[in-house]
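The opening position of the sequence shown corresponds to residue 6 in my numbering, with each subsequent residue numbered one higher.
If you're looking for bench data, these hints aren't it; they were derived computationally from the structure. A virtual CB, placed ideally from N, CA and C, is assigned to each residue, including glycine. Please note that a few of the clues may not be correct.
[Claimed, not checked] Below, in silico cross-link-like pairs of lysine to any residue (SDA-like), each with a Cα-Cα straight-line distance of 25 angstroms or less:
| hint | residue 1 | residue 2 |
| --- | --- | --- |
| 1 | Lys-106 | Ser-91 |
| 2 | Lys-85 | Ile-43 |
| 3 | Lys-106 | Ile-142 |
| 4 | Lys-37 | Leu-100 |
| 5 | Lys-123 | Asn-99 |
| 6 | Lys-158 | Ile-43 |
| 7 | Lys-123 | Leu-103 |
| 8 | Lys-31 | Ile-43 |
| 9 | Lys-147 | Val-73 |
[To be verified] Derived DEER-like restraints, expressed as beta-carbon distance ranges:
| hint | residue 1 | residue 2 | range |
| --- | --- | --- | --- |
| 10 | Glu-50 | Gln-74 | 26 to 36 angstroms |
| 11 | Asp-79 | Glu-165 | 29 to 39 angstroms |
| 12 | Val-73 | Ala-41 | 36 to 46 angstroms |
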Amino acid sequence: MKEWALKILISVLILSSISIILPTGKLSSYIKYVFAIILIPIVIEPVLMIKNNNFDFNTVFNETEVQVQNDYLDYISEQKINEYNSRLNVLLNNLGVLGAKVDLLYNIDENYIIHIKKVCIDLTNSVINSDKEHIDIIETIKTAYSEYLHIDKDEVIIYE
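Taking the hints into account, I'd like the entire structure generated from these sequences.
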């Protein structure tokens, strides 16, 4: 498509420069006529290429539609991961832990189903609310996360 536009631009520039250089008269009109006849196939060339190559618009539109759908599914998967992260932070806040950093290790299969493999929780810069009764916070977090995400407790890794 770019080459086609370039051909038209060059042809029009040549035609314009020839019409400026040539004096007015019969010869000028004949040259313009010949040049216009030459310009017609250049303009029609993409249509002829589409016809000769058996160009299928349905294939182009279907491929574009599939790409748009895949992009949308990627976006939805990203939103689900963000939702998981925010819910996990709320769960930590409910347990009395503020300012912890949660990272999810996950896979997304060909059907765009998210499989969470591990959860890493960094408690080094967090604050644990002292109003809560004395509990083993590490074990409580592991239990809550493993139940919520349906993963094994060993897959919940906590850095203190």
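Assess, step by step, whether the Cα of Lys-37 is no farther than 25 angstroms from the Cα of Leu-100, and give holds or violated.
Violated, at roughly 84 angstroms.
Does the Cβ distance between Glu-50 and Gln-74 fall inside 26 to 36 angstroms?
Given range 26 to 36 angstroms: holds, Cβ gap about 33 angstroms.
Keeping to a limit of 25 angstroms between CA atoms, is the pair of Lys-147 and Val-73 held or broken?
violated (39 angstroms)
If you draw a straight line from the CA of Lys-106 to the CA of Ile-142, is it 25 angstroms or shorter?
holds (15 angstroms)
Taken at face value, is the distance from the CA of Leu-103 to the CA of Lys-123 at most 25 angstroms?
It holds: about 21 angstroms lies between the C-alpha atoms, which stays within 25 angstroms.
Hey, Lys-158 versus Ile-43, does the alpha-carbon distance stay inside 25 angstroms?
Since the Cα atoms of Lys-158 and Ile-43 sit roughly 76 angstroms apart, the hinted pair is violated (cutoff 25 angstroms).
Between Asp-79 and Glu-165, is the Cβ distance one that fits in 29 to 39 angstroms?
holds (35 angstroms)
Just to be careful, I want the Cα atoms of Lys-123 and Asn-99 compared with a cutoff of 25 angstroms; is the pair within it?
holds (21 angstroms)
Measure nothing beyond the straight line between the CA atoms of Lys-85 and Ile-43; if it is 25 angstroms or shorter, mark the hint as holding.
With Cα atoms ~58 angstroms apart, Lys-85 and Ile-43 exceed 25 angstroms; violated.
Quick check: does the Cβ-Cβ distance between Val-73 and Ala-41 fall within 36 to 46 angstroms?
holds (42 angstroms)
Going straight from one Cα to the other, do Lys-106 and Ser-91 come out at no more than 25 angstroms?
holds (11 angstroms)
Please work out if Lys-31 and Ile-43 have their alpha carbons no farther apart than 25 angstroms.
holds (19 angstroms)
Hints 2, 4, 6 and 9, counting from the list given before, are not met by this structure.
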